[in-house]
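Asks: These are the residues of each chain, in order.
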Amino acid sequence: MNVAVVAGPDLDTRLRIYRMMLEARRFEESAHQMFLEGLVKGTTHLGIGQEAVAAGLAAAMRADDLTFCTYRGHNHTLLRGAPPGRLMSELLGRSEGVCGGKGGSMHLTWAPTGAMGSYAIVGAHLPIAVGAAWAAVERGTGQVAVCFFGDGATNIGAFHEALNLAVVWDLPVVFVCENNLYMEYTPIGSVTAVERPAADRAAAYGLEGLLVDGNDPDAMYETASDVIARARAGGGPSLVEAVTYRHGGHSRADPGTYRPDEEVRQWLARDPIPMYRARLAGAGASEERLEEVDQSVEAWIEAAVEEAKAAPEPTVDSIATEVWADGGSRWRN
Amino acid sequence: MAELITYREAVARALAQEMERDDTVYLIGEDVAAAGGVFKTTPGLLEKFGERRVRDTPISEEAIIGAVMGAAMNGLRPVAEIMFSDFLATCWDLVANQIAKTRYMTDGQVALPLVIRTANGGGVRFGAQHSQSLENWAMSVPGLKVVAPSTPRDVIALMAASVRDPDPVIFFEHKGLFASRGEVPDGELVGRLGEASVVRSGSDATILALAAMVPKARQAADELSARGIEATVVDLRCLVPLDTRTILSTVAETGRVFTVEENPRLCGWGAEVVSIIAEEAFYDLDSPVVRITTDHIPLPASDILEDATIPSVARIVDTVTRSLD
Numbered sequence: 001m002n003v004a005v006v007a008g009p010d011l012d013t014r015l016r017i018y019r020m021m022l023e024a025r026r027f028e029e030s031a032h033q034m035f036l037e038g039l040v041k042g043t044t045h046l047g048i049g050q051e052a053v054a055a056g057l058a059a060a061m062r063a064d065d066l067t068f069c070t071y072r073g074h075n076h077t078l079l080r081g082a083p084p085g086r087l088m089s090e091l092l093g094r095s096e097g098v099c100g101g102k103g104g105s106m107h108l109t110w111a112p113t114g115a116m117g118s119y120a121i122v123g124a125h126l127p128i129a130v131g132a133a134w135a136a137v138e139r140g141t142g143q144v145a146v147c148f149f150g151d152g153a154t155n156i157g158a159f160h161e162a163l164n165l166a167v168v169w170d171l172p173v174v175f176v177c178e179n180n181l182y183m184e185y186t187p188i189g190s191v192t193a194v195e196r197p198a199a200d201r202a203a204a205y206g207l208e209g210l211l212v213d214g215n216d217p218d219a220m221y222e223t224a225s226d227v228i229a230r231a232r233a234g235g236g237p238s239l240v241e242a243v244t245y246r247h248g249g250h251s252r253a254d255p256g257t258y259r260p261d262e263e264v265r266q267w268l269a270r271d272p273i274p275m276y277r278a279r280l281a282g283a284g285a286s287e288e289r290l291e292e293v294d295q296s297v298e299a300w301i302e303a304a305v306e307e308a309k310a311a312p313e314p315t316v317d318s319i320a321t322e323v324w325a326d327g328g329s330r331w332r333n
Numbered sequence: 334m335a336e337l338i339t340y341r342e343a344v345a346r347a348l349a350q351e352m353e354r355d356d357t358v359y360l361i362g363e364d365v366a367a368a369g370g371v372f373k374t375t376p377g378l379l380e381k382f383g384e385r386r387v388r389d390t391p392i393s394e395e396a397i398i399g400a401v402m403g404a405a406m407n408g409l410r411p412v413a414e415i416m417f418s419d420f421l422a423t424c425w426d427l428v429a430n431q432i433a434k435t436r437y438m439t440d441g442q443v444a445l446p447l448v449i450r451t452a453n454g455g456g457v458r459f460g461a462q463h464s465q466s467l468e469n470w471a472m473s474v475p476g477l478k479v480v481a482p483s484t485p486r487d488v489i490a491l492m493a494a495s496v497r498d499p500d501p502v503i504f505f506e507h508k509g510l511f512a513s514r515g516e517v518p519d520g521e522l523v524g525r526l527g528e529a530s531v532v533r534s535g536s537d538a539t540i541l542a543l544a545a546m547v548p549k550a551r552q553a554a555d556e557l558s559a560r561g562i563e564a565t566v567v568d569l570r571c572l573v574p575l576d577t578r579t580i581l582s583t584v585a586e587t588g589r590v591f592t593v594e595e596n597p598r599l600c601g602w603g604a605e606v607v608s609i610i611a612e613e614a615f616y617d618l619d620s621p622v623v624r625i626t627t628d629h630i631p632l633p634a635s636d637i638l639e640d641a642t643i644p645s646v647a648r649i650v651d652t653v654t655r656s657l658d
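Residue numbers (my numbering), protein chains in the order written: chain P, 1 to 333; chain S, 334 to 658.
Please keep in mind that the hints were generated in silico from the structure rather than gathered at the bench. Quick reminder that beta carbons are idealized off the backbone N, C-alpha and C, glycines included. Keep in mind that a hint or two might mislead.
Unchecked claim - Partial list, derived from the structure: chain S residues whose beta carbon lies under 10 Å from chain P:
| no. | residue |
| --- | --- |
| 1 | 430 |
| 2 | 440 |
| 3 | 536 |
What the hints assert, rightly or not - Coverage of chain P stretches by chain S, computed from C-beta distances (three or more under 8 Å per stretch; other residues unrestricted):
| no. | region |
| --- | --- |
| 4 | 106–115 |
| 5 | 139–152 |
| 6 | 156–165 |
| 7 | 260–271 |
All chains should be modelled from the sequences, with the hints used to inform the complete structure.
Replies: Here's what the structure looks like:
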């Protein structure tokens, strides 16, 4: 893969990113475990293996920047500051969930810290992120909208409409394609006209095709810092293609058996978390310090799971609330 | 003082009134700025409010609707124009899956104060893909408010109410009414969503109508009056919220109900209204409720065929007369 060589951020930032990735990993593992226990209902689309993208971007964002992500959005919502216990509660359909149990795994949102939604219709949120960036410019807030989407979204119309408008209006949007090589069950290359589904399309919108190793959090962080700074300074949108891999299938219903064993083996060997841990050890982080992060995250996830399991079930009184801004659902007088 | 203006002039006047009052109100859409709108509903707004607040877009309905949704999340009160309501089909995911459901799915974290204006309806010989009456599409989706005014005065008053509403509103402007004129008082005009208007009172029958069917219902009522039948005509104005109080009270007064619907018959708004009447006012009825609708077909383009398809004054008069015989 042709990727930029980066020096990497300072050690404190790297340790922060390492912790973020580990939190995301443990969160997903716990979500999966609770799915097996029958506590998480419906479906889940786990981001295990893709943590470097979420952590690299989130670490480079300003507190008031806005994140838009997909139904594979636990990582992004968590790492933009959603309270973990309430996030987990949402997966369990509890009233303390971030969406009161009305959203579920595919619609995690935590607006107070700029996690502006997980969008479950492929591609829909790209134009929405454009709109949020447009408002940021008009209101002079200096915010940047960061929009994550999968490789599959590059073949849907909204992707192209959103990129075009973002460029024409010169808006502060960072489009991040998390290319995990498969659109649901199908290899992306077999259904896409170009080799790099996002980066090769960038030229059509007058943008640079930025291809990044999505399993390298330093590369993600450095790229994110560059494009976010440029967007904030009025330099317009960017399109980043982060090549990564989901360790599991598309959703909980998919064992992912269509993937060649050798391919899976190679990517598991490039698991971003142990790779990064080893890199930090080599860069001067003591084993003691790394161990401290590991232990602290174990306690953190235990608390989140405990909180979620203890959270009350919603009452049916809440069903007909929050359709309208008056808090209710009345459609007649 | 009152002024006689057209329905299309009322659109621009309404938007100007709201944009002047609130600088977070923006207007975007295809040809809305420099061209003043393909139906000339937005002339002068670019000159008055500048190119940032009145902005042309590419032919990208998903981008237009996504943009107003994202902007509404982040502090604007944007208005989008979808040139023909038929084009809502190209961005229905954004309208029905995203805008309508976001407040609910986030349990109230995200508010979407936005308006989607669109030219709706037939009678203008444009054929099946530029003439539909699609209020029913929006009415069937929880989370959308649905407005369809019939007079210039209501265009202004209800547009103002829609822009100020904290929830997403789909605002249907009827193409067949753009050239119609009506009196509008001076000064700011602000209405309320969810209030029907009794435009004519009579004790023999209630005729419920929407948008371009309202003037037809009025004219039919005048002709019926000449035949000795006095009808109440109700302009629903909004489908969501629905003013069932006014509907049910006029039903109680007349005992006979007719709906006049431009939409194809199946699942038209009248079907919902009739079901409410059947459930809640059955014993007020003196005869079966009758729906006067376009047949369940796409609209033909030819003037002869289109006129015979959409409910006409003559059809309303005949249907009511025969039912009351």
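Asks: Give a verdict on every hint.
Replies: Against the structure, the hints:
no. : hint    : verdict
1   : 430     : 5 Å, holds
2   : 440     : 4 Å, holds
3   : 536     : 24 Å, violated
4   : 106–115 : holds (count 5)
5   : 139–152 : holds (count 4)
6   : 156–165 : holds (count 6)
7   : 260–271 : violated (count 0)
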